[in-house]
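J.: So the protein sequences, as listed, match chains A, B, C and D.
Counted the way the working numbering counts, the first sequence spans residues 1 to 187.
Counted the way the working numbering counts, the second sequence spans residues 1 to 187.
Counted the way the working numbering counts, the third sequence spans residues 1 to 187.
Counted the way the working numbering counts, the fourth sequence spans residues 1 to 187.
The set of hints was computed from the structure by calculation and includes no laboratory data.
No residue lacks a Cβ here, since even glycine has one placed at the ideal position from N, Cα and C.
Possibly wrong hints are sitting among the right ones.
Claimed, not checked - Taking lysine-lysine and the BS3-like style, the derived pairs with C-alpha atoms no more than 25 angstroms apart in a straight line are: (1) C:Lys-7 to C:Lys-71; (2) C:Lys-71 to C:Lys-155; (3) D:Lys-7 to D:Lys-71; (4) B:Lys-71 to B:Lys-155; (5) A:Lys-7 to A:Lys-144; (6) B:Lys-71 to C:Lys-144; (7) A:Lys-71 to A:Lys-144; (8) A:Lys-71 to A:Lys-155; (9) A:Lys-71 to D:Lys-144; (10) D:Lys-155 to D:Lys-71; (11) D:Lys-155 to A:Lys-144; (12) B:Lys-144 to C:Lys-155; (13) C:Lys-155 to B:Lys-155; (14) C:Lys-144 to C:Lys-7; (15) D:Lys-71 to A:Lys-144.
To be verified - Computed footprint of chain C on chain D; a stretch qualifies when at least three of its residues, placed anywhere within it, have a C-beta under 8 angstroms from a C-beta of chain C: (16) 64–77; (17) 161–169; (18) 174–185.
4 protein chains.
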Amino acid sequence: MTQSRLKFVVLLGSLRRGSFHGALARSLPAVASLDAEITMLGSVGDMPHYDADVQAEGFPASVTAMASAIKAADGVIVVSPEYNYSIPGSLKNAFDWLSRLPDAPFAGKPVSILGGSPGPIAGARMQHHLRQVLVFLDAVAFTKPEVMIGSINTKVDVATNTITDETTREFVAAHLRAFDEFVRRLR
Amino acid sequence: MTQSRLKFVVLLGSLRRGSFHGALARSLPAVASLDAEITMLGSVGDMPHYDADVQAEGFPASVTAMASAIKAADGVIVVSPEYNYSIPGSLKNAFDWLSRLPDAPFAGKPVSILGGSPGPIAGARMQHHLRQVLVFLDAVAFTKPEVMIGSINTKVDVATNTITDETTREFVAAHLRAFDEFVRRLR
Amino acid sequence: MTQSRLKFVVLLGSLRRGSFHGALARSLPAVASLDAEITMLGSVGDMPHYDADVQAEGFPASVTAMASAIKAADGVIVVSPEYNYSIPGSLKNAFDWLSRLPDAPFAGKPVSILGGSPGPIAGARMQHHLRQVLVFLDAVAFTKPEVMIGSINTKVDVATNTITDETTREFVAAHLRAFDEFVRRLR
Amino acid sequence: MTQSRLKFVVLLGSLRRGSFHGALARSLPAVASLDAEITMLGSVGDMPHYDADVQAEGFPASVTAMASAIKAADGVIVVSPEYNYSIPGSLKNAFDWLSRLPDAPFAGKPVSILGGSPGPIAGARMQHHLRQVLVFLDAVAFTKPEVMIGSINTKVDVATNTITDETTREFVAAHLRAFDEFVRRLR
């Protein structure tokens, strides 16, 4: 098993500028003390609604660019809020596009999920629905430790893109280390 | 219990012009021999991706118009394909917008779901995820008979918006009659 | 709409004597200031594992007795912990038996769910899996307000079968009042 | 990567003697042309209902024996019907017991799922609920190709424990080969 530097890409499920999940996503490179490069994918907001008629005219550049970045990565880290007990529609729409590509970018790809909510249930339901989607995509979903951050609004700082709560920061770091190990085990 | 004419609105989860689910949705007024008016809601494709920053500038007209139509209706009929073992992102996005309105259009509203797939599993997973969303929205989800149409591509005609398979047509009609009864029971 | 006294039966998903959910279940008659009779069903632990060979020799008395009590009731209140992100096996086993009876006891029956957990996520996943089971059984699952009690071990007293946390007690009472209203609306 | 002989154990979710899933489970050693030993675990029907009071007196021998066999295996193959849109209660009960052992037998263990139903939807919902349970147990759930056998009653022979439908037999063999590869990749 080689110990070469890994490449992870981060897929964000929220669009608003002051998003707590956006801050969490952008905090990851600094939080992880890994021999890994962690970069943000493009915004799911840049993709049109999935429509097979649009697909017939050619995949949008936002879709093919994201697919290329995922294919070139060793793993994908999804960071997303929960909307209405499920996956945000705009994030799900990105999966709907990516799943249609002939050269499936998620097949065999390790995927980790991080999320939270202002309340205590912490986005658990989003994660379970997303895991079901990942089964169809034939991704290899990472399990534990699961990151579900309750009261996320009090634990990240959107101005500095940092996790301000130390317990949370250490837990996220432990998650990333375990995901890194999982990815190396699967190679 | 009054026997007045009911108003149902149909929410379609597919955008392409030749959609089998579009044909199914548009077939419903003719299939149902009900004392009910059944009309299509606007397209979920007309709504932007949900973004709290956009919301802060005011709800899009496509959202408020759909909400008004739902509030004025006695029940909502969702007709949708399944994408990647879950709800199509663009349909979920419509729920994400509608759920943010102060005067919640789905609260206490009876909702029925119809779907299918070209394969045999017939969209069951989309329906279960959508039911979980409806719990959050406090809608009253109708149960049986459930409509999950396998090989839907062989059972509807997109040129004429009709259900060509007689067994399917009768089953859909039975579903609509039972939903109509359920709605009247709840009033 | 008549204002007659309703009959509710409580189905408990935990077997141990000192169960927090047992205390919650037994607290309900005192908590609810309803014109309703609330009684406990028999223990799910009294039923054998579901086995079609056993069924062929006749339904166990524990199954038929519970079915009769459910059929005679206006609504069923399920109170259960979550085991391993889903429904406790022994509770699910009771549904497996009850679902096989020719005169389906859950068909059209209003069902409410209460649960919690020592942690913060509060059994949400048990409730969603149970709701999916209830769709198959054609029950009418009540939605809001949902009762998911975090840190349940600090909020009920198993010696006296009472809810000791006032906020929780009021919330449970509000749930029962709303369920009572829902049941009356459906009659 | 060594090419040593692997050991797989099969967990069956049905109790009746003439079970189609029992025949499927027992057919696996002959179907798989693998360098692997495939043996049946004990019956989930031998375990009592999970009860923390019983656990306090010591884990039943049926539980510890199954746990030992799982720990000694390279992978677990679950073969189960779907009951009421979810996992059979008696199978779930086995997971409830196994999850309580201090030396968690499923942690990091590769798990594959096979199932079917007499109807077309083929147990898909059982598989998704079971996958959620496996997340909690920190198992590594195998994904594709997924085995969901519609009309299973016409495709296996319970007298000879064979898969009689050739397409199904080849598909199950392909599933087992891919699972074997997945297990070797993870070691």
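J.: Decide, hint by hint, whether the structure agrees.
T.: To see whether the hints hold, each was checked on the structure:
As the CA atoms of Lys-7 (chain C) and Lys-71 (chain C) are separated by approximately 10 angstroms, the hinted pair is consistent with the 25 angstroms bound. A hinted pair counts as satisfied when its Cα atoms are at most 25 angstroms apart, and Lys-71 (chain C) with Lys-155 (chain C) does not qualify at roughly 32 angstroms. Annotation: proposed proximity of Lys-7 (chain D) to Lys-71 (chain D) holds, straight-line Cα distance about 10 angstroms (limit 25 angstroms). Taken as a hint, the Lys-71 (chain B) and Lys-155 (chain B) pair is broken in the structure, with Cα atoms around 32 angstroms apart against an allowance of 25 angstroms.
Taking the CA atoms of Lys-7 (chain A) and Lys-144 (chain A), the gap is about 20 angstroms. The hint holds against a cut of 25 angstroms. Of the supplied pair hints, the one linking Lys-71 (chain B) and Lys-144 (chain C) holds, its CA atoms being roughly 19 angstroms apart against a limit of 25 angstroms. A threshold of 25 angstroms between alpha carbons decides the hint, and for Lys-71 (chain A) with Lys-144 (chain A) the separation of about 24 angstroms falls inside it, so the pair holds. A hinted pair counts as satisfied when its Cα atoms are at most 25 angstroms apart, and Lys-71 (chain A) with Lys-155 (chain A) does not qualify at roughly 32 angstroms.
For the suggested pair Lys-71 (chain A) and Lys-144 (chain D), the alpha carbons sit about 19 angstroms apart, so the restraint of at most 25 angstroms is met. Between Lys-155 (chain D) and Lys-71 (chain D) the alpha-carbon distance is near 32 angstroms, which puts this suggested pair outside the 25 angstroms criterion. Distance hint between Lys-155 (chain D) and Lys-144 (chain A) is unfulfilled; the C-alpha atoms sit about 38 angstroms from each other, more than 25 angstroms. A distance of roughly 38 angstroms separates the Cα atoms of Lys-144 (chain B) and Lys-155 (chain C); the hinted pair therefore is violated under the 25 angstroms criterion.
Our distance criterion of 25 angstroms between C-alpha atoms is broken by Lys-155 (chain C) and Lys-155 (chain B), whose separation comes to about 55 angstroms. For the hint linking Lys-144 (chain C) to Lys-7 (chain C), the alpha-carbon distance of about 20 angstroms falls within 25 angstroms, and the restraint holds. Annotation: proposed proximity of Lys-71 (chain D) to Lys-144 (chain A) holds, straight-line Cα distance about 19 angstroms (limit 25 angstroms). Only when three residues or more bring their CB closer than 8 angstroms to a CB of chain C does the claim for the region 64–77 of chain D stand; here the count is 0, and the claim is violated.
For the region 161–169 of chain D, the assignment as covered by chain C is violated, since 0 residues bring a beta-carbon within under 8 angstroms of that chain's beta-carbons and 3 are needed. Proximity of the region 174–185 of chain D to chain C, defined as three or more residues with a beta carbon under 8 angstroms from a beta carbon of that chain, is not established by the 0 residues found.
Hints 2, 4, 8, 10, 11, 12, 13, 16, 17, 18 from the list above are not met by this structure, while the remaining hints are.
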